[in-house]
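Undergrad: If you want the building blocks of each chain, they are given just below.
2 protein chains.
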Amino acid sequence: MFLYTKNFDEQKEKAMAGLRKALEGGKVDRDIIPLLEKINSLENYFTTSSCSGRISVMEMPHFGDKVNSVWLGKWHREVTVEEVLDAIGKHSKGQLWFLVRSPILHVGARTMEDAVRLLNLAIGLGFKYSNIKSVSHKKLLVEIRSTERMDVPLGADGELWVDEAYIERIVAIANSQVRRFKGKLKRLEEEIGGLTPQAP
Amino acid sequence: MFLYTKNFDEQKEKAMAGLRKALEGGKVDRDIIPLLEKINSLENYFTTSSCSGRISVMEMPHFGDKVNSVWLGKWHREVTVEEVLDAIGKHSKGQLWFLVRSPILHVGARTMEDAVRLLNLAIGLGFKYSNIKSVSHKKLLVEIRSTERMDVPLGADGELWVDEAYIERIVAIANSQVRRFKGKLKRLEEEIGGLTPQAP
Chain A
1 MFLYTKNFDE QKEKAMAGLR KALEGGKVDR DIIPLLEKIN SLENYFTTSS
51 CSGRISVMEM PHFGDKVNSV WLGKWHREVT VEEVLDAIGK HSKGQLWFLV
101 RSPILHVGAR TMEDAVRLLN LAIGLGFKYS NIKSVSHKKL LVEIRSTERM
151 DVPLGADGEL WVDEAYIERI VAIANSQVRR FKGKLKRLEE EIGGLTPQAP
Chain B
1 MFLYTKNFDE QKEKAMAGLR KALEGGKVDR DIIPLLEKIN SLENYFTTSS
51 CSGRISVMEM PHFGDKVNSV WLGKWHREVT VEEVLDAIGK HSKGQLWFLV
101 RSPILHVGAR TMEDAVRLLN LAIGLGFKYS NIKSVSHKKL LVEIRSTERM
151 DVPLGADGEL WVDEAYIERI VAIANSQVRR FKGKLKRLEE EIGGLTPQAP
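Residue numbers (UniProt numbering), protein chains in the order written: chain A, 1 to 200; chain B, 1 to 200.
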């Protein structure tokens with residue numbers, strides 16, 4: 001069971017059409033594009049969705065309610081304190097959070113063997129939360145993910161619980177996390193070409 | 001490849017000996033013990049390590065440096081503001097963080113099919129970050145994990161960046177996360193018995 005993806009080539013073709021569309025619409029984080037292209041040039045893999053990692057300011061009715069969450073600011077790069085304060089200034093109701101998320105790449109693999117080789121490469125390059133996210137005949141999905149993360153409550157219902165000095169502190173920490181995971185993405189981009197198909 | 005775990009029964013025996021020792025030493029979170037026992041009573045699974053989820057106050061030289069991190073306070077339950085303030089009072093150097101971590105269970109599975117059935121059950125019960133963590137002949141490891149998490153910087157090098165009112169706020173949020181993941185653990189405990197081996 002589940003040793004390989006059925007209709008892999010057909011699925012990859014579909015995913016590539018979706019990616020081309022997203023690229024044309026400017027919906028792909030720019031600095032992750034070369035990595036996506038490298039992965040998709042490999043015979044046994046294709047990317048389905050990805051985020052190059054981000055800092056954000058988010059308003060949500062309660063923790064975990066993604067559906068009703070609103071981004072007041074979102075950046076796939078280091079930020080300035082001013083940008084974050086601007087975003088915070090837009091807050092009106094619900095919980096206000098400052099968030100850092102590591103890069104996440106979802107990669108379809110042709111066989112379980114391909115999935116495991118990508119998983120082990122990613123873990124070895126510092127993407128320690130990488131895993132196999134789902135396993136079925138329809139898909140064999142590797143999730144590439146790193147440990148950088150912040151979840152900081154800033155206030156609620158228009159009230160701010162922290163001062164500007166605190167925002168400066170957490171922005172500095174967040175930016176150092178961004179530098180760290182960008183470095184890991186760079187290494188992955190350099191090493192991913194080594195994942196050539198093995199002899200049968 | 002990797003369709004099943006070699007010497008599964010031998011591995012399970014070893015893991016069970018380790019668990020007995022940990023139980024005798026009082027090293028297992030008490031409220032997760034019934035769940036571990038239920039999983040281990042199943043023919044095709046065994047637990048290797050687990051945490052029932054926790055709130056903690058941690059001092060670390062820099063983010064992610066687990067080796068040199070020190071817990072100033074750690075609780076596998078809801079906490080009071082006083083307990084957290086006591087822990088914060090012990091801070092002297094490095095970065096000071098307030099953390100919430102969801103439960104994590106690592107479960108060895110006999111076959112990939114067993115692994116996937118457990119994975120899908122866990123995801124269905126709200127453990128949305130569950131995944132297959134490693135795949136080899138030596139082990140097929142399912143990680144059961146939920147989304148609750150907080151990573152809040154509180155200060156550094158003896159200096160506190162937030163006030164007591166802020167601590168009250170984040171303790172309230174953390175406690176609501178604890179209630180949420182305890183509920184999920186309870187449901188998993190109720191449902192896990194359904195994972196009987198399938199007909200070959």
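Since the hints were made in silico from the structure, they are not lab data. Don't take every hint at face value.
To be verified - Here are the computed lysine-lysine pairs in the BS3-like style, where the Cα-Cα straight-line distance is at most 27 Å: (1) A:K128 - B:K74; (2) B:K186 - A:K139; (3) B:K128 - A:K74; (4) B:K90 - A:K128; (5) B:K93 - B:K128.
Undergrad: Look at each hint and say if it fits the structure.
TA: Quick rundown of the hints versus the structure:
1. A:K128 - B:K74: With a Cα-Cα distance of about 23 Å, the restraint between A:K128 and B:K74 holds, given a limit of 27 Å.
2. B:K186 - A:K139: Given that 27 Å is the threshold and the Cα spacing comes to 30 Å, the pair is violated.
3. B:K128 - A:K74: Status holds; Cα separation ~23 Å.
4. B:K90 - A:K128: Given pair B:K90, A:K128 is violated - Cα atoms ~30 Å apart, limit 27 Å.
5. B:K93 - B:K128: Cα-Cα ~35 Å, so violated.
The structure shown violates the earlier hints numbered 2, 4, 5.
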